[in-house]
Amino acid sequence: MKKCISFLLVATMLFSCVACKKEQVTEQTSESTTATTTEITTTTEEPTPTGTGVLAGLKEESGNFFINEDPKYKELVDLAKMKSEMYGLEGVILIATDDEIILFGGPKSAMTIENKPVDPYTIYDIASCSKAFTAVAVFQLIEEGKIALDDTLDKYFPDYEDGKRITIYNLLHMQSGIKDYFNDPEAFFANVNVEDMDAFLYRFFHDEVSDEELLQNLYVSELDFEPGTKQAYSNTNYDLLAQIVEQVSGEKFCDYLKKNVFDICGLEHTTSMVAGNETSVPKNFDMMLEWGMVDETGRFMAVCRERGSGGIHTCAYDLLSFDRALFGGKLVSDTSLSEMKDFVMGYGCGLISYGKKAVGHSGFNGAYITQNVIIDTEEFGKVYLIEMTANQESSYGLDSTLEAVINELTK
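So for the sequence shown, the working numbering puts the first residue at 12; every next one is plus one.
Rather than coming from a laboratory, the hints here were simulated on the basis of the structure. Backbone N, C-alpha and C define an ideal beta-carbon position, used for all residues, glycine too. It is possible that some hints are incorrect.
What the hints assert, rightly or not - No farther apart than 25 Å at their CA atoms in a straight line, the calculated lysine-lysine pairs in the DSS-like style are these:
1) Lys263 x Lys341
2) Lys367 x Lys294
3) Lys352 x Lys367
4) Lys393 x Lys70
5) Lys157 x Lys263
6) Lys352 x Lys269
7) Lys422 x Lys94
8) Lys94 x Lys70
9) Lys368 x Lys352
10) Lys119 x Lys92
11) Lys341 x Lys367
12) Lys263 x Lys166
13) Lys175 x Lys269
14) Lys83 x Lys70
15) Lys85 x Lys70
16) Lys127 x Lys94
17) Lys85 x Lys119
18) Lys269 x Lys341
19) Lys157 x Lys352
20) Lys83 x Lys368
21) Lys94 x Lys341
22) Lys85 x Lys368
23) Lys92 x Lys127
24) Lys393 x Lys92
25) Lys119 x Lys70
26) Lys352 x Lys341
27) Lys422 x Lys92
28) Lys92 x Lys294
29) Lys422 x Lys367
30) Lys294 x Lys352
31) Lys94 x Lys352
As the list claims (entries may be wrong) - Estimated spans, in silico, between C-beta atoms of each pair:
32) Lys85 x Gly366: 34 to 40 Å
33) Gly156 x Lys127: 43 to 49 Å
34) Gly156 x Asp274: 20 to 26 Å
35) Lys270 x Glu86: 37 to 43 Å
36) Gly287 x Ala67: 28 to 34 Å
37) Lys294 x Gly68: 31 to 37 Å
38) Phe236 x Asn202: 19 to 25 Å
39) Asn202 x Gly156: 43 to 49 Å
40) Glu197 x Gly68: 36 to 42 Å
Please put together the full structure from these sequences, using the hints given.
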């Protein structure tokens, strides 16, 4: 940002009708002008650089930080800035309330594919943070009477024998017992020959495995436990929820999200199941390049089989807008939101608990990491904390900064 320097030039012109005093007056005028100009120039201060757009009014500081100078935020701002720099957070950090932004930072020289510093609109893959969007879609259809929490899966997948014992509620709360196709694909795709597994997984990670092919594997995959008796994280649950949303709405999942979530929240930099539109550069992507998951510029090319369980690409400001809308009652009812925040066995519905006063979700897919947390505070109301990075080595920085901010706001 260019710094603007403003100079005030003062010229004092004295006129006299007395010809014999003209020379004296001219001399006095010159001295007066010089003195006045010198005095004003020495007291003129350089304006404080400020942000533009959504960062308008925030003070720009070194390290690509923009801070709210309201004294009530000083302690929080100083802590978040110090921790993110100390622990090497390379990416984006955004802290805001329902009404204003408290801090935005893109520390440690995090850059975009255009070799520019990251900003509130830099796009990341938020991986499992996408599950909150899926839960919203499901609860919208529940409120319309098109889905019920106690619906069993055989209603939507008639050939799934175990589906008679698994409900929508079980899927949402990770209580289904269904194996995780993403984190343990060898177990889920047990009917794929060992010698064919690498080729199959390549197809899987490039979204070349059809719904029917995935379902055929689901139908023969044994459950890890009796549904409703335990909680175990499984991405498969949210893929199935996305398929159910498609069945019930008659729309592609990505189209449903755009119309019923993205557009309502005004998300202009957010997509679902679109490859290669991230503008943040993944670090250490040699393996991903070899697998065709990124191109030579660092763009993450694989769509991946993350529909419902992941697959949303967005920026910090759009994610903030989604959070504000969700917790402000613009997407689902208070009753639905309460169910989403019910952590009876440890997992809500697209949300996890970060303590008594904080909820949210994390996302990790090998290239990107996101932390999206909403904190209830006595002093500021809801505080939204969003961290994003394309550097796996920054995970400690994200977690440490997150912990420090939550502790500060809930102490």
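List of violated hint numbers, smallest to largest: 2, 13, 21, 30, 31, 32, 39, 40
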